[in-house]
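These are the residues of each chain, in order.
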Amino acid sequence: MSENALAVQPDVEQPAQKSASTSNMLLKLLRYSGLKLGALLIAVVIGIYLTILIANMGGYVDRILKGQIREQVSISVGMDPEIRQLPAEQRNQIIEEYISVEEERLGLNQPFLIRSFRFLYRALTLNLGRAQFMSSDSGSRLVSNIILERLPPTLLYMATANLLLFFVSLFFALYLSRNYGSLLDKLVIALSPISAAPAWFYGIFLILLFAAVLGWLPFGGMVAAPPPQDLVGRALSIGRHLILPVTAWLVSGFFGSVYGWRTFFLIFSMEDYVELARAKGLSDREVERRYILRPTLPNIITNFALMLITLWQGAIIAETIFNWPGLGRLLFQAIGHFDTAVIVGSAVIYAYLLAFTVFFLDFIYAIVDPRVRVGSGGAH
Amino acid sequence: MKWFTQTLKDIRQYPSAVIGLAIILVMVGMAIYTIIAIPYSEAIRLWRGGEDIWGDNPRTVPPAWTNLFREQTQPETLVLRMGDEGVTKSTSVISENMDDVTIEYTFDYDYDGFPQSLSVFFTAQYEERLPHASMSWVTPDGRTIRLGEISVGSAETYRIDQDDRLVRRLDGVEPRIGLFADPDLETPTVVKGTYTLRVEGVVFEEESDLDARFVLYGQVHGLAGTDHRRRDLTVALLWGTPIALSFGLLAALGTTVTTMIIAAIGVWFGGVVDGLIQRITEINMVLPFLPILIMVGTFFENGRSIWVILGWVIALSIFGAGIKGYRAIFLQVKESPYIEAAQAYGASNWRLIISYLVPRIIPVLIPGLVSAIPAYVFLEASLAVLGIGDPILPTWGKLIDDARSNGALHNGQYYWVLQPAVLLMVVGLAFALLGFALDRIFNPRLREV
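Same order as they appear, the protein sequences are chains A and B. Here the first sequence stands for residues 1 to 380, numbered as in our numbering. Here the second sequence stands for residues 1001 to 1449, numbered as in our numbering.
For the record, the hints were derived by calculation from the structure and aren't laboratory data. Worth double-checking, as some hints may not be accurate.
Unchecked claim - Calculated pairs, EDC-like style, for lysine to aspartate or glutamate (alpha carbon to alpha carbon, straight line, at most 20 Å):
id	chain 1	residue 1	chain 2	residue 2
1	B	1089	B	1104
2	B	1089	B	1108
3	B	1089	B	1205
4	B	1192	B	1110
5	A	186	B	1439
6	B	1089	B	1206
7	B	1192	B	1108
8	A	66	B	1301
9	A	36	B	1274
10	B	1324	A	362
11	B	1192	B	1104
12	B	1089	B	1099
Could you put together the complete structure from these sequences and hints?
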């Protein structure tokens, strides 16, 4: 399943009456965007709160953590020869003291409900706080540092793979829509079910073939160990490690994406005004640019924007399969460590990015597509 | 019914869809066979079983059919028990309290490869004095090699490969090779022919008896090979079928149908209800789908059960992205005159939704549903690969995970990864092909492009 299959449709309203005065229009625009922004922010707040509840499992993770603390403290106290010699009563007192200090450190001494709202407030103000167990490679416990450290590898992988996928499939689809019915076109249609399988799945095949059997490329990771000292060597090594993950992503996404765009362009190129433009004798290039690409621009922009957001999340499974030290793997590790601060931190940044993208997309539609106007009516 | 036969007729025009449908039918047949042949509880018992169930299987060996592609044929596992062909047992009285029990295991060995290992499993009945057994090995060229001696408790295992004295007698060559190799050749080569393992036991009591089972662990096994715990992969490959099909189908059905009904309700009632549904959709959009599933699998009690995950998948997808598409279609349908007519004669809201709105969307729903199945089949595998697959059921995804975490790719045990992966691929492709054709059949607009 594609990890982010969101198809956000613009709220396309019918063209309003032209007679509306400009100031009235502006007021409407303000009102509309205010409402829209409010709705999106409410969605973010509730979505994040739900994520916090699930990430803490309504307080269940607290109990697990408390149990872990008790066990650790008991063990460490038991190892201390000075404390071990004390009478049992005194020893237990010391254990309880240590436990309460540790629980206070993690904030476990307050009821979950209160903490959940404090979590929410901190998350929404992007005060991501400290991780409970994880730390960045540089040793920092700050969630923002941990996330920032993993961001470049994820961006490198996801941006390379997604940008390639997006533009190559877009232009290839345009080419196919010009030559539709050709052998190549039929081949792409026939191959489009390949996209039913996710990237990690092809990753396994690719690792098997190119790493295990042929030994041409590394099994995983981002850079050879030990990393080459010089910059060029390191860049080459990273490039070599990037080949298989990116290929897996492309194999999984390419044919489905090309098929989707191609069909989309074909539907638009069968409109009457396109026929008319052709009849007028405009060149193919001109027709494509002015009569096919122009009306499909909002969709292209939407897809591009949503693709950019998905970069942020990384690819949990593909990164795990390829041992790629990115955000997706970080998230998976954080869940394994019950480190809710990291999970919520990752979720809140995604939520904000998504909400603002959706919000600004509406304005971009209005700019690129004159048919989109803020107007009354329509069941919104 | 007429509609159904018409659809079938349409499908026949798409060869890819026919292939897809055929594969699906074969898979469904396989699933039904599996459930009947290996009932649920039996499958779990087998898959969770240890040495007691799988002790006679070799460890991590490829399927037997790989021999077809090998120049050097590899041995299959040979288990010789009392009463099998080639096993003879004779008892002779030595003295009043001493009986001599001789068991001979004779078998033909026609393979080029050496076995994985050799073991003799003894069982004995006695009151006080343990029976004693000594073993020897006769090769086709007439050599006799003395093996170990053992005092047999009620159940005793003699692993020929771990007998250090025997290794020394064979000049440091592993017994699994040394016992079969031609001593005159530099590179170990199997001497083909009839081998005999002779167990000469002595029992010291009247009622005492000695029995043994000889296992020659092969290098290939069964239809699908075995894993690191000697389990036969056939069980998991077979049981993966009903699980993948039912998970995919139920998840796709659950998500598409509920989403559609919610969209219909929103469109029909409009106003506050519609607004509320839209808001919930926006909230749902913010929720991170896969991380939540991983959290459920990691944190929740029973969270790894495939049925719990199924519930969460459906719950998280009800207000999913699909709602907007259905909404757009319902908005058009709502304006149709026949809806107005139905309203005029006083049809209730629910009747309008269920009998008038929903049926109109079925042409869109069915291809969408079929095309969604592979995504969910792979979702189950994805979760398993992340280590949060169902803890007790064997699934294809769990096989891939087992293989990966035991270094199958690094150790060249490709069959372990490839078999479940190919099955996943075949099922995914079959549904994708069918869904693709159905999409064109039900949406004639697509047929032109």
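Tested hints:
1. 1089/B x 1104/B: Roughly 6 Å between the alpha carbons, so the hint for residue 1089/B and residue 1104/B holds.
2. 1089/B x 1108/B: Measuring from Cα to Cα gives roughly 18 Å; hence the hint holds.
3. 1089/B x 1205/B: holds (18 Å)
4. 1192/B x 1110/B: Status holds; Cα separation ~5 Å.
5. 186/A x 1439/B: holds (16 Å)
6. 1089/B x 1206/B: The hint holds at about 17 Å.
7. 1192/B x 1108/B: holds (8 Å)
8. 66/A x 1301/B: Between residue 66/A and residue 1301/B the Cα gap is close to 17 Å, so the pair holds against 20 Å.
9. 36/A x 1274/B: holds (15 Å)
10. 1324/B x 362/A: Holds - the C-alpha atoms of residue 362/A and residue 1324/B are around 16 Å apart, at most 20 Å.
11. 1192/B x 1104/B: holds (19 Å)
12. 1089/B x 1099/B: holds (13 Å)
Taken one by one, the earlier hints all hold for this structure without exception.
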